[in-house]
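S.K.: The hints should help you fit chain B onto chain A, whose structure is shown.
Here's the letter readout for the chains.
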Amino acid sequence: MSTNTNSTKLDRLFANLAQGVENASPEDILAEARAEGQDTEQIALSVRSTLLDAVRSFEQRKLHAARHAYRKRSTELKNKRILLPETATARRALLISAASNDQRVARVTARFRDLKDLSDEDVQSALEDLIELGALEDIGKDNNDGNE
Amino acid sequence: MPAQTEYIAGPDEVRQAISLLTEGEFLKLKRLAEQAISRLRRKIWSVDADDLLHDAILRLLEEKRRWKPKRVDLVGQIAGIIASIESHWLKCGKRSQPPLLEADQITDNADGEAVPTALALAADHRHGPEQRIIAAEELTEEQLFHQIEELFSEDPLASLVFSEWQRETTGPDIMKALDLTRQQYDTAVRRMDRAIQKRWPEGMPHVH
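Protein chains in written order, with our numbering: chain A, 1 to 148; chain B, 1 to 208.
Same shape as in the complex, but just chain B:
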């Protein structure tokens, strides 16, 4: 029915869908957002995983991303929006501009008085404490990869996978060579991901 394919979810429906998400789905969304922020840290400092998730919902409701609940689950839809926002913010970062958040669109309060937006606050490009620490930690790519390798010193499978990645071996080829199922491979990858996240919670150091 054409009317159904054009149907876009409103705030009540999105709220309802959020309330139906499982604990695991919330965790998956959080990790997807954290990974995106970790990648963005190379260029963008003023946003975190919560900003990204907040903006994803605003974009969903602003119909910049049309969600048809009957066809795509909310987690899948938000994952797609996160990827889109990441790409957009990365472009902003490359132009040395702070990212424009949907939440920044409000520029005055209910009384019509101007309020500083997150965008305006983010426009302060002075290095914050986190940025100063990580900037001071700048490494060569080789040093960084060596430090990552050390994280897996007690995890032989992760260590093997990581060294294969450095040789540009693809996931399917690694699975084949090591006789791993998709699940075993993905589990090892997530273990590596968590180890890296734990070591550099604010993003990996810059490399030169």
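Chain A with its partners taken away, still in its complex shape:
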């Protein structure tokens, strides 16, 4: 079994070798690598690409996190929308009922002069806005009758 990590002699060797690079100026390292015939331009390009890829990965991770949050939120909203009544009449009844019983809903719907005159699409849209605002949290419990 390997016991390299316990080898202080080897550790000292590594430490001594490391110092040579740590203390070196980049110009010295470049000159020595060139003198040895290494393709320094290619090595530098490769390192540059690795570093820039990492920056891109970081940005993609942020984007990924944002997408994940968006998907989560969309799923939550979709699940809530399923709870809306299936028929246009029942949805309109829900909106009118909510506006008369809840001040927050009434404030949101105040821009409409008469809820009875709203198009079906506007009713649907208003209910979805209210769901997003969290103003219809109880609809699942109280208004499932329109789906049945």
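Just so you know, not all the hints are guaranteed correct.
To be verified - For lysine to aspartate or glutamate, the following EDC-like pairs were computed, each having C-alpha atoms within a straight-line distance of at most 20 Å:
#1 B:43 to A:11
#2 B:198 to A:28
#3 A:9 to B:173
#4 A:9 to B:142
#5 A:9 to B:149
#6 B:198 to B:149
#7 B:68 to B:50
#8 A:9 to B:23
Derived from the structure by calculation, the hints contain no laboratory data.
A quick note: this is a predicted structure, and the numbers were derived from the prediction, not measured.
M.R.: Same frame as chain A, now just chain B:
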């Protein structure tokens, strides 16, 4: 100004700093990473110098290492992060765990589907071809040091420095005894480093 000392570089600033690095600075970073990987090879197999550099940048941006560009140059900052990652991965290796890379944090793709991470792939502890070759090459410490000594058979200064190291003579004492400047000593050390790297590009053989 307090706000300045708390300022942390973002992706654009790091990208800009990378684009300003010189060819020599890229080479220095590469060699620092290769040396760290060579030391880690004693316990960790699943990562290479590119993984280390990639992770260093991610850590820099994740603010696990705060970089204040006005006070520390990027090469110095990455060198510090490499040392920190090396120490962390070595601890993982001692516990027989694959190292947890920053890049492993993503576990699903943009469609939410699970994807195998580098961590999961690294968890396969079966020996790869490189590991099998080096494991087969297991030596005693004495044999390894003898092989290293042979690498410097045509480089009298390197040979002298190496034998002094084995006697635990410090760098400053070697310089004094051999009447070397710091630059001459460091140049010889880097020559030794490159010779060892060339002989064992995937890491030195295990010793027992």
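S.K.: Now, for every hint given, state plainly whether the structure supports it.
M.R.: These are the hints, each one checked on the structure:
Restraint check for residue 43 of chain B and residue 11 of chain A: the C-alpha separation of about 13 Å stays at or below 20 Å, so the hint holds. A distance of roughly 19 Å separates the Cα atoms of residue 198 of chain B and residue 28 of chain A; the hinted pair therefore holds under the 20 Å criterion. Pair hint residue 9 of chain A plus residue 173 of chain B holds up; C-alpha atoms about 18 Å apart against a cutoff of 20 Å. Between the alpha carbons of residue 9 of chain A and residue 142 of chain B the distance comes to roughly 10 Å, so the proposed pair stays at or under 20 Å and holds.
For the hint linking residue 9 of chain A to residue 149 of chain B, the alpha-carbon distance of about 14 Å falls within 20 Å, and the restraint holds. The hinted pair formed by residue 198 of chain B and residue 149 of chain B meets the criterion: a straight-line CA distance of about 14 Å does not exceed 20 Å. Taking the CA atoms of residue 68 of chain B and residue 50 of chain B, the gap is near 24 Å; set against the 20 Å cutoff, the hint is violated. Distance check on the hinted pair: residue 9 of chain A and residue 23 of chain B sit about 34 Å apart at the alpha-carbon level, beyond 20 Å; violated.
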